[in-house]
Every structure is written in structure tokens, then in C-alpha cells.
Amino acid sequence: MVESYFSRLRRMVSGQHHHVSPQYLYQYANHAAWLEDNRRTDNGTLAQIVVSSSMAAPVSRQWKGYWQRAA
Numbered sequence: 028m029v030e031s032y033f034s035r036l037r038r039m040v041s042g043q044h045h046h047v048s049p050q051y052l053y054q055y056a057n058h059a060a061w062l063e064d065n066r067r068t069d070n071g072t073l074a075q076i077v078v079s080s081s082m083a084a085p086v087s088r089q090w091k092g093y094w095q096r097a098a
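The sequence shown begins at 28 in the working numbering and counts up one residue at a time.
No lab work stands behind these hints, which were simulated from the structure alone.
For clarity, every value in this text was computed on a predicted model and none was experimentally measured.
Virtual Cβ for every residue (Gly too), placed ideally from N, Cα, C.
Take the hints with a grain of salt, since some may be wrong.
[Claimed, not checked] Across the chosen pairs, the derived CB separations fall in these ranges:
1. M28 x K91: 31 to 41 Å
2. E30 x R88: 30 to 40 Å
3. D64 x V40: 34 to 44 Å
4. V78 x Q43: 18 to 28 Å
5. P85 x G42: 26 to 36 Å
6. N57 x V78: 16 to 26 Å
Working from the sequences, and respecting the hints, build out all of it.
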């Protein structure tokens, strides 16, 4: 099970993201763990879980303004 998780994490980093900052690595790993735990759940249920969780969560201090870099 651990080998499967690390394999999927490596493929996610090299295939989808192309670069992961060490500062945010634990959050990418947490996301990969959530995907691994819910990989057999259908897409409709996953979408419902993501939307309801994101609407209930407060604004993140770590991710707020992440895409806005200083010029």
C-alpha cells in the first residue's frame, strides 16, 4: 500500500505538476493521500465532497494570494 501511494505521488508530481516547491510538498502529499483513499469513489460523490468541504472551510492563510507573486 505504501509503494502504491509513493508511486502515485511521484507520477502526480512529474506528470501533472512538473514542479513542487518543498514549502508546499506536505500539502501535495496530503492531496495525494486523499486521492488514494477515495480512488474507488465515483466522480459525482467526489465532486459533492469537494464542493461541500470547500464551502464549509474558512479562508486559508497559507494559500490566500498564492498565485499573486510580487512583481
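Hint check:
1. M28 x K91: 31 to 41 Å: At roughly 34 Å between Cβ atoms, K91 and M28 fall inside 31 to 41 Å, so the hint holds.
2. E30 x R88: 30 to 40 Å: 34 Å, holds
3. D64 x V40: 34 to 44 Å: This hint is violated: roughly 18 Å between Cβ atoms.
4. V78 x Q43: 18 to 28 Å: About 21 Å separates the Cβ atoms of V78 and Q43, which means 18 to 28 Å holds.
5. P85 x G42: 26 to 36 Å: 31 Å, holds
6. N57 x V78: 16 to 26 Å: 19 Å, holds
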